[in-house]
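There are 2 protein chains.
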Amino acid sequence: MKSEIVITDQFWTKYTKLIRKEMIPYQWDVLHDRAGISIDKERDDHGIPSEKSNAIENLKIAAGQKKGNHYGWLFQDSDVYKWLESAANSYALNPDDNLLDMMNEVAQLIEEAQDEDGYLSTYYQIERPDLRFKRLFESHELYCAGHLIEASVAHFKATGSKKLINVSEKFVNCISEHFGPEEGKINGADGHQEIELALVKLYEVTGKKEYVDLSSWFLKIRGQDPDFYTKQLIDNKKKGLSTGPIPHINTKYHQAHQPVLDQEEAVGHAVRLVYMAAAMAEVASIHNDEKMFAAARKIWDNIVKKRLYITGGIGSTVHGEAFTFDYDLPNDTMYCETCASIGLLFFAKAMMKNEIDVEYAEIMERTLYNNIISGMALDGKHFFYVNPLEVDPKASKNDPGKSHVKPTRPSWFGCACCPPNVARTLTSLNHYISDVVDENLYIHMYQDFIGSFDMNNQTVSVSMTTDLPYNGYTKVKVSDVSKRFRLMLRLPAWIKNYELNNTDIVYQEEEGYLSIDIDSDQTIEINFELPVLEWRSHPSVKNNLDKVAVQRGPFVYCLEEEDNGSELHLLSLVDMASPEEKTDSILGDFVVLKGKAERRLKDASWKNFLYQSELKLDSKKQEVIFIPYHLWANRSKGEMIVWINKK
Amino acid sequence: MKSEIVITDQFWTKYTKLIRKEMIPYQWDVLHDRAGISIDKERDDHGIPSEKSNAIENLKIAAGQKKGNHYGWLFQDSDVYKWLESAANSYALNPDDNLLDMMNEVAQLIEEAQDEDGYLSTYYQIERPDLRFKRLFESHELYCAGHLIEASVAHFKATGSKKLINVSEKFVNCISEHFGPEEGKINGADGHQEIELALVKLYEVTGKKEYVDLSSWFLKIRGQDPDFYTKQLIDNKKKGLSTGPIPHINTKYHQAHQPVLDQEEAVGHAVRLVYMAAAMAEVASIHNDEKMFAAARKIWDNIVKKRLYITGGIGSTVHGEAFTFDYDLPNDTMYCETCASIGLLFFAKAMMKNEIDVEYAEIMERTLYNNIISGMALDGKHFFYVNPLEVDPKASKNDPGKSHVKPTRPSWFGCACCPPNVARTLTSLNHYISDVVDENLYIHMYQDFIGSFDMNNQTVSVSMTTDLPYNGYTKVKVSDVSKRFRLMLRLPAWIKNYELNNTDIVYQEEEGYLSIDIDSDQTIEINFELPVLEWRSHPSVKNNLDKVAVQRGPFVYCLEEEDNGSELHLLSLVDMASPEEKTDSILGDFVVLKGKAERRLKDASWKNFLYQSELKLDSKKQEVIFIPYHLWANRSKGEMIVWINKK
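As they're listed, the protein sequences go chains A and B.
So the first sequence is residues 0 to 646, counted in numbering that gives the first Met the number 0.
So the second sequence is residues 0 to 646, counted in numbering that gives the first Met the number 0.
Because the hints were derived from the structure by calculation, they are not lab data.
Just so you know, nobody snuck in bad clues.
One copy or two, either will do: identical chains are not told apart, so a pair holds if it fits within one copy or between any two.
The calculated lysine-lysine pairs, modelled on DSS-like cross-linking and capped at a C-alpha distance of 27 Å, are:
no., residue 1, residue 2
1, LYS251, LYS396
2, LYS601, LYS541
3, LYS620, LYS645
4, LYS593, LYS646
5, LYS601, LYS495
6, LYS541, LYS396
7, LYS606, LYS541
Next up, chain A with everything else stripped away, as it sits in the complex:
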């Protein structure tokens, strides 16, 4: 038996309820192209498919149930798989016959769409069977396979049905027949990493080590020949399978510019990078592959020390949805894709399987409580791809370089990757709360939960009730203790002080955790003191110089025009007041932060001049109101900033 955790936390069950009640049925309708769904484009790009989803239809055509053409992205199938994974996770939390029927219907369709030889990718099945596995830089065939596998694993865990595990294993066999070091096989990996992570999950439920070996092979073949993708295209042309010019392939975008173990920086498409790095960490822990772990750690350090937004966002540019360079963290043109932060969460968790380092837990929390949940509106029906740290609706509208930065969450996207990714993640948060290493039980996250943990030949029960994320009182109840173990409670970096109510407890601080010797049933009460933190950026982050970002508890805060007026850049923070609890009809219950600020004034002379010399700006005092970042853009459309001027 393994550890089992049920999250009972109000803050988080609000989200899983939204996913269950709103999002899963909503996406079901999207996938089936039911009327009344409006689909938005991610940005000004007339090449983006956005009229409809067609995802279920594509599967029906592949299954021979319908006639027609494929519509949508090459990875359109993955929308269905991610829906299924979310649905299965949600079903595991709240079983429901109707949802089971929906899942079974989709599982059946997937099984029927699969080819005899195990292959499954509707675009290539319907349109170009002759190009199977022959355009790997963009085909997303193994990416979709990965999401199919992840959905299968979730479906199996939730329902016990092996129907899709069988489909997945059949597909993996097909892949193994086509890929590998042997003569005549394809010596390269998919342009979008994902199957590497998925194969580890398939191993976890089947116990078949060869899946991890295949994952490791995909990781290690990547970038061995940087011209691999181009050679495929040249070969297709030679064989008459394609016409037209060979596109230029930016191999850094795919992290295929050099062997993965030699990569020292986080480059290219951010989601691909973190999916890859997460798989590296997973494989390293199973194979005890020190080189692989060292490479993953280098990438981790580069992200966390030089390329991470304070909200847990990654990806400094929309061009290639990619990393740029060290300390380049613009607040208004970045990408900070919701999916990329989800990948960073996976990466952190996987790293923790190799070594416990409180930094992994800190980043998991930072990204989860900020950039990830910012991806979903409080109504569960509107979503951000891009999670900016500074927004001006005028700029989003009139500057094409910011057309991807939406001031309000659109209802759905033509490329629907983020919403179901949020759903599958928030319905599986129990994976991120704890780790057991020998006789140590690490608790990384502060949420109400009830858990049982298998360790050292005993199963202990641990439950937590906490006033976090908004207040610091936390109670941890440990029971069924038969043998001595150590409870390691994370000491969050955002606390100032803490106090244990039980004076008889023996504890010590140990590398970011509070280590408590437990040898009998026990209830521990802690009071964390939550100060208002004012973060400063590394001085090489140009745009944040002389600015601060405010945080309290796990939440980074922001300022919205609705509370503070327009032209937020004219405000300078003087100091912060005490936190106040607040109930808002839209935003719900939260802690609001207020501060004293000065607002620079535009005197009348500026009406006629764009530039004036020898002039000082006057200021007036203004109260400023900060709300948690993830709550932004739920009220009126307006400006928002995370970083505020402060001398």
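Knowing the structure of chain A, use the given hints to seat chain B on it.
Then chain B, alone, in the frame of chain A:
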């Protein structure tokens, strides 16, 4: 007889010499695809033609002298025309038989390339004669016609040859037969404005009013039917002339979204906008068209009060090389194309033909002494398209959103519009020095020159010798005076005080000019005091808050890494010292400005953290060195900023 001015100024003859000795022969080689020319791309875009010019070759193919395909942009011909205009201007300043031979060779080729009916546009002649005038949104046929006309006028003025005037008039006849309000003719204008300006010049040398009428018609038909361009494409498809999807056309890019007289803001592609606006001002002055002038003035005011960089640059985004919105003036992602500032110079000069307003002169000077000459390196062989106000070579290399911002001037571009545009402008600066209005002689610019001015039935001689642009002593000698007139000397906005050496002179200040009654030969000596100005931006310009730009005389200054170290954003200006004259082996003679500054320090703790709370940065004192903006990027590659922090 009209006014004649010969510029003798050292500062400017240095440029005309570079153009004569380096640039014109260099571009001649480029146009002829001689070996050893490396051509750079403007930005990361694999669709940009950049292997060779082929421009002369295209004309030879069109003339039937060679076989082959067209290569290059749709507007490749205009490279030849702009070379010819520069060559003719240069020839007028410094006659030279060899250059005359080159011009005649090209003129002959152009004549031979022209079709029987007057049409001339090598792409359509060689590749798609069936699509003549049928894809106006991008065809550049009338744009090229405009540059042909301008070259013809310059060629005629320099050599007296009417060969190309005849070619131009024949082409304009062809255009008149195809365009116009009459049934069956095309009711729209070229996607890139240029012929409108050129037709006015053709009128000026031929006296044919119908050319101005045609220009006015092109201006007024623009935007009457915003779907005009799309309708052409749909029509082509119906007629089987094209296949594939109809591209989306952003009519704002072409300033064709609404009738020109209704446009109140500077939108879309910046070069197109200012070429259009300049033509509006020209036509308004000839036709005495008050509505047209009022519309031009609205666009002017919008640019100057809300969308103009302090260097005289325009175009806030690379996307469409375009304007964005009021007060959006980012320093590191802007376009600020050299050609756009040249167009702004044209626009200002044309406005002056309608009304004298010192603001026009100020903008002419600002753009000429900064953004325009910044376009050319001191060796005359390297050129900027994009003139940034902040550069970090790391960003140019690693942030695709800044790939257009070059840290050094490339040797040539695939799209070679800017270098010859600089050349034709700097060889015709005598047009911008003065205006005669009734009995007033306005002198707008301070340069050494010798001039004769026809006014009020007399021809007076005026010569200027000045220590400007670097020092303030200026002498104006007026002779051959037979009748009373008023000499109006501009009082630059960048002076603090001035003193006239002649105590007997009667003068008064009048709307930005020093008005001096002249009734006999006279020599006026003025000492302008040139303070170091620290400009502040309008508070709504987000990125310039708490920053200053330094100016002395007409020059905006900048800081380079070579003089000030890297991470220029860490510097804060405290105060400025006295100007110093300097002679540099590369930069030549100029006035350097120095100042006291503080540099923020990164203490060792930042090695391990991207964010820290409750931390103040220490500073150390540093001297900072400013050089005139146009001199930047002539030494080592490095960072550059115009706007420096100052509290």
